[in-house]
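Chains as they are written, first to last, in the UniProt record's numbering: chain L, 1 to 376; chain Y, 1 to 245; chain E, 1 to 262.
Mixed in with the good hints there might be a few duds.
[As the list claims (entries may be wrong)] Lysine to any residue pairs mimicking SDA-like chemistry, simulated, CA-CA at most 25 Å apart:
| # | chain 1 | residue 1 | chain 2 | residue 2 |
| --- | --- | --- | --- | --- |
| 1 | E | Lys121 | Y | Pro107 |
| 2 | Y | Lys63 | Y | Pro107 |
| 3 | E | Lys121 | Y | Lys63 |
| 4 | Y | Lys194 | Y | Ser212 |
| 5 | E | Lys219 | E | Leu257 |
| 6 | Y | Lys69 | L | Ser50 |
| 7 | E | Lys219 | E | Ile34 |
| 8 | L | Lys232 | Y | Ile9 |
| 9 | L | Lys232 | L | Ala114 |
| 10 | Y | Lys16 | L | Lys281 |
| 11 | Y | Lys16 | L | Glu6 |
| 12 | E | Lys73 | L | Gly89 |
| 13 | Y | Lys105 | L | Tyr204 |
| 14 | L | Lys232 | Y | Lys16 |
| 15 | Y | Lys69 | L | Ser270 |
| 16 | Y | Lys133 | E | Arg9 |
| 17 | Y | Lys221 | E | Gln193 |
| 18 | E | Lys255 | Y | Ser212 |
| 19 | L | Lys345 | L | Asp112 |
| 20 | Y | Lys105 | E | Leu104 |
| 21 | Y | Lys91 | E | Ile34 |
| 22 | L | Lys76 | Y | Glu100 |
| 23 | Y | Lys16 | L | Pro273 |
| 24 | Y | Lys133 | E | Ser89 |
| 25 | E | Lys18 | E | Gln240 |
| 26 | L | Lys76 | L | Gln143 |
| 27 | Y | Lys91 | E | Leu5 |
| 28 | Y | Lys16 | L | Val166 |
| 29 | Y | Lys194 | E | Asn238 |
| 30 | L | Lys79 | Y | Asn48 |
| 31 | L | Lys281 | L | Ser50 |
No wet-lab data here; the hints were simulated from the structure.
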Amino acid sequence: MAESVEIRPMTFHREVLARIAPDLYMQRHLSLGLRPSLRAFEEFRNVEISDGRLSCASEDSINREGNNILGSNVLKCGKTMVITSITGGVVEENIPVKSEENEIVESYNETDRAANFGQVYPVVEVERGRVGAPTDEEMTLSQRIYNCILHSGLVPKTALDVAVGVRSTDAEGKTTITYSDEQEADGALPTTFKFRRKWTYTLYAKIQVFSRDGPLFELCWNSLLYALANTKIPRAFVDERTTDLKIPISMRGRSAAIRETFDIICDPTSFLPLRLNTSNKAFASNFAVIDLDPEVQLPKDDDDMQDSMPSSVLLADIQGEAEEASVTSTISVVTDGVGNLKHFKAVGGSSKITMDMMRNSIKLAKLRASDLDRKC
Amino acid sequence: MNITDRRRILGPANAKPLVFDKSMGPAQRGESEEVSSETGNDAMYIENGIVGNSNGSSYLEVKSRINDKNCTLLLTSVYGPRPSRGAFNAKATLSVQFREVTLEKIPAGQLREVCTFLTNIFNAVVNLERYPKSGIDIFLSLIHSSSGPQDYELESIITTCVNGITLAFVDAGIEILDTVSAGMYKKNITAFMKNGTEVVGFWKDDDDNSASEGIMDIVEKCKEHYLQNRKTMIEYMIRSSKSSN
Amino acid sequence: MVMSLTEKRYLQESLLSKPPVRPDGRNAEQFRPIEIFTDFLPTSNGSSKIVASDGTECVVSVKCKVVDHAIEKDLIVVDVDIAGRRDDSPLVQEISSILNRVLLLQTDQEQLRLTKKYSFKLYIDVLVLSSYSHPLTLISFAIYSALNCTQLPTLISSKDDLDVAELPTFHDYDMTELNIAVPIMFTLAICGQNVIVDPASSESDVASNGILVTWYNDKVAAPVRTIGLNEEYTRGINPQSLADSIQLIEALAPKVLGALDS
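Take these sequences, add in the hints, and give me the full structure.
Structure below.
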């Protein structure tokens, strides 16, 4: 007895198909000249930014007291939201005793280029409804952002030096703060003493991502850049009474003098913008290369279109589960509007990345960067 | 034992946090404006469904009626009901996680207290029998909180958390017994359900001002605030369901 | 002990009846018998051991150190260790956070002041050897009795040391009794309309909610809050129950303190 086999076509709901067969879902969209997000191949998502009024230095801050956020950014791109906050710290530099006085000024170090640039310490957290140690993605993102900031030379090391002022209290109990650089500008008396020590600021960035929907490096990078652009560092001073104080102590009969540790105090009313190397300011974009599978193309009405279909296409700004799952070859570009490349990463997966595509991606990234730069 | 965190980039070990001079800051002015009238409503901004990959989420921005410097921004997301591994549970298990997104000011022990307090409230509120063998996880992300002279005010944060979690549950479509909301009076918080006839959570912290007041008076004052908050929340839900239809 | 669903239901029904019928035959406002031994650790300044009738056992030891109070603001530190639970488990973290805050906020730190520059800092170590019900009440009783029998070294140098740089010196063997008011905490279980004190573990398992009440300086003090005793039977409570439990503690606390002091 022969069984009759009846083949019935199965239909799935859009979301279900995207889940169970992301590559098929993707290819079907591509054959229509569209992407699952209904964007064109080389179309980017719009980016909304604001500083979130979180920083204590910003004019219309929602809070100033007990707040030590120096710069902030809230970036929204599609559903994804990235909140970046920049906080700071102070480190006392070790200076050899010989090179006191004016020799502190360092010469430009030709051999170790990265030594001339300041660092930012980022911690990326991606909310995904789980608790525990940072995931691989979070760790690699943080490390990659750290490396890129350092090597892009965005933050010059000198921008992080603390120009220490002195707070003095006169006989009437009135306190004044004098900063050495301000005095020289006024042509007033030069400072009566020089600090024998040097401090630098360290910057920390906390990057929190909500609704992850695709690769994150570019969003985090851009958000961090906007945050750094509005970062203001506070003026800092030490109290006059503690300047170069030596305390005699006696220890087991021998007398010695130890230098008091200074308390660097920040001025909550006076801030200076963080001086960035604007020529090194670059924005990130990502691209994907995907092969078109001729087998799953939707039938076309006119045949001549079929021949002109390329074998692979370049997609800008990867978004969504289906795209991320079906794409193996990616390009990530960090550049500014005129093409100063700061970072270029190409991952060759199953699809071949041609020279043409690289050229095209850099061209698009440049356009994108000049567009993003205008939002600053 | 070496317990340095090698999974995060922490920066130099000898860095000291920035210390702002308290004596000359904006704290000096504004003593008078702080104590404004205790009447009027909190300004509350609500938005649901911001977090795409969660089952439900809510974003709350609350400006206090009493202290205009008191502002709390909280993002709540609910994940679940999702399958839990291990032994069979006839009821869902609830967990609450609290995180400060920007500044980290609240000690870990107090965050724990808040989490267990909130878990206890919502154990009584969520219809856990409906979701056997599953887990419901609530993630609270405090984006910002300020309260003038203090570093943080736990009470207004907890109140916002209760309201935020309720809204996120509504957004996630998880069955709750009633629209639970909390009201605050000085340093006392009461979370109510069933139109203020049932208390699901009570929190009283150190406060000299209300020490002499009887507990029933405090609960009554919290109830007024609760009714206001609940009204705002329900109005938002009706508005948003109308606009989506 | 894990109870079956039927057992739990039976217990719940009996606790809901008026007056509540408790499995060990206690009244609603009756505590379990406890035994307290004080000052049994020779190397610490004060110590106590408390054993409840259900086998819950808790040891508290108080040690002191002289610190510069300009640098160290918090003069009391509580460390809680519960056998069988990790240090970072929610219960341990919560209990130690509550105790730290209550003792710091409520106790008068002036009593620990030695000179104008130095103070005693108290380290309170709590070890719960075995616990069957919410251990907070027992821990706070144990801390209370340990602090009340704490002996601190007697200062013999001058109290004013602002101008003279000298470290405090102490008498070789004379001790002074520490005299500070210590808050104690009660956990109550609410079953329907009934409020019962000192719930045993079986009672906690079926309670509708729990309340933590702090008693300090002859009145109810902060924190007062609802605490979860179980996950399964947690319900909303009548506001009146809050008032009832505070009334109950107001009536009971002086008696409990009388018993602890004797």
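So which hints don't hold here, by number, going up? Violated hints (numbers, rising): 3, 4, 10, 11 and 21; every other hint is consistent with the structure.
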